[in-house]
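Chain Z is already provided as a structure; the job is to place chain X on it using the hints.
2 protein chains.
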Amino acid sequence: MKKFINDPAHVLAEALRGVAAAHPDLRVDHDNRVIYRSEPTRAGKVALVSGGGSGHEPLHGGFVGIGMLDAACAGEVFTSPTPDQMLAATKAVDSGAGVLLIVKNYTGDVLNFEMAAELAAAEGVRVASIVVNDDVAVEDSTWTAGRRGVGTTVILEKVVGAAAEDGYDLEAVRALAERVNTAGRSMGVALTSGTVPTAGKPTFDLPEDEMEVGVGIHGEPGRHRVPLASAHEIAKMLVDPIVHDYDASGPAIVMLNGLGGTPLIELYLLYGEVAPLLEAAGVSIARNLVGDYITSLDMAGASLTVVKADDELLRLWDAPVSTPGLRWGA
Amino acid sequence: MKKFINDPAHVLAEALRGVAAAHPDLRVDHDNRVIYRSEPTRAGKVALVSGGGSGHEPLHGGFVGIGMLDAACAGEVFTSPTPDQMLAATKAVDSGAGVLLIVKNYTGDVLNFEMAAELAAAEGVRVASIVVNDDVAVEDSTWTAGRRGVGTTVILEKVVGAAAEDGYDLEAVRALAERVNTAGRSMGVALTSGTVPTAGKPTFDLPEDEMEVGVGIHGEPGRHRVPLASAHEIAKMLVDPIVHDYDASGPAIVMLNGLGGTPLIELYLLYGEVAPLLEAAGVSIARNLVGDYITSLDMAGASLTVVKADDELLRLWDAPVSTPGLRWGA
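Protein sequence lines, in the order shown, are assigned to chains Z and X. First residue of the first sequence? That's 1 in the numbering used here, and the numbers climb one at a time after it. First residue of the second sequence? That's 1 in the numbering used here, and the numbers climb one at a time after it.
Chain Z regions said to be covered by chain X (calculated; three or more residues, Cβ under 8 Å):
1) 49-61
2) 229-241
3) 258-264
4) 286-299
Per the computed footprint, the stretches of chain Z lying under chain X, defined by three or more beta-carbons under 8 Å from a beta-carbon of chain X, are:
5) 15-28
6) 271-277
No farther apart than 25 Å at their CA atoms in a straight line, the calculated lysine-lysine pairs in the DSS-like style are these:
7) 201/Z - 2/X
8) 2/X - 201/X
9) 2/X - 2/Z
10) 45/X - 91/X
11) 201/X - 201/Z
12) 2/Z - 236/X
13) 201/X - 2/Z
14) 201/Z - 2/Z
15) 2/X - 236/Z
16) 91/Z - 45/Z
Hints listed in this document are in silico derivations from the structure and should not be mistaken for laboratory results. Only a predicted model underlies this, so the values are computations on that prediction, with no experimental measurement involved. Even for Gly, the Cβ is constructed at its ideal location relative to N, Cα and C.
Chain Z with its partners taken away, still in its complex shape (with noise of 0.2 Å):
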């Protein structure tokens, strides 16, 4: 295992500490592993809180800021945090509007926050919930019941993120959420796998020859393991799952994403072979990303995600946004 770190237990404590160090608009608690904005939620404004396992990066810490989170739990490597975080930070960036939370279908995630949710309701914080569930690749998982949720949580932290800003109330927040996960679907493809500080070595083994189609970003299995295809059919491989699985026709926003170990420069090759398959498929794609927006430690890899998108949908994702992650307009 080669990795900038010390101990491979501390990790997450000491990459908070680079966080606190590298944005002074954000406020560490490193007690509770809460990532927040320095400045405290506007009065009226509803909250967003997320987080999840670490090892997301830049998802969920860095996509705290104005437009976008105002409170992110990280929990240890691929470890849901616990309740006690989420509550800590509900209670925190409640400004008397209501907090939602956002959660990705993973089995720790979505019980720690339902479990907080009741605290915080029952502490007199008005709490609502959406579950993100928008991986095609699988229907139950090794880590899920039902579909995972992934790359469309980028988008929905985004999007909402600035409809809370504009004021829409928790539950026009709520409903908006429940519409961009709707609207969202992904599929992943992995090159190679990850490895987790404390386990030393890499999570599944693939030949040299071999990729793992549909993997989730803990390096769950996925649909299969084919023999290491060209760009232009792995490019199929991520398009054709998202297409067939719902009307994706008409305007999207598109994120062809990075897991971490691949170079940009294959991100742009494998774009220039998914965006005119998507266009042949009836997508209009209005926006994109290409990048690493959620990731999976250091693993070689790529995901595909498209949400179908209108007008408001549009305006609110060109809203200004200022996050370590995304940032534009401000």
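This is chain X only, laid out in the frame that chain Z set:
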């Protein structure tokens, strides 16, 4: 070799297709392999042209846009672009106010940009050049006479790009570029080698328990190989050669850059080690970047860049920028 490619010989051409598809604000000349802003250079604005071998993305093509470059010439992977490409770019972006060529100090780039400058001057374009040579690792390398040009290039393109937008004339732009280069130092370390697609195997062998200190962005040998060290020790190996090379004290723009295969959680952890060491050496980190800005394909590794700054440099740094690789205030 596990990569998102089709034919290894067509990586650059196909990646440029993806760049064109992803970025409507950019225009790609596929024949000359030059990335331009979509809008022509505003009359009276000094134009900035850079370029170099591909494989270092987002540098340089990802820094074309408002507030940074007007054009970037893309060579094949780790291969200088040709004088023809540079000449085409220089002529295309000149609005009459002249063109600054930003060159990283590698022998091929320097010779080709010199030839392009002469040809452009012969055609009546006013041209100035800056050769960036900020790498403290080695005095000469397999690819360079004198110090190599690395991370300071990113900060120079941002600062000088803002000055050009502000109306600085060609001589003022050139003098500023000289000042930024003189103020900048970089040092890098590799945990693994990257793989050039046409080579099909890692550029160099690095045993599982060793790292290369002072590595170049093409995998050139550095100062020495040492046993794999902790992040804390590695931070010293990055900071010490810089602060021993010049008086780094005072305000600075600091970049901790990933070389392509290192995940963000490790970069933040390393930044948490680097920042206090710099502060202890008298460096006041006024601005920072943590992420992948000048890469070496899929190399696991990182580089540190420190650019001493004053009020003018910080004002230009903070000015709006809108490129695929750096974006704020726009």
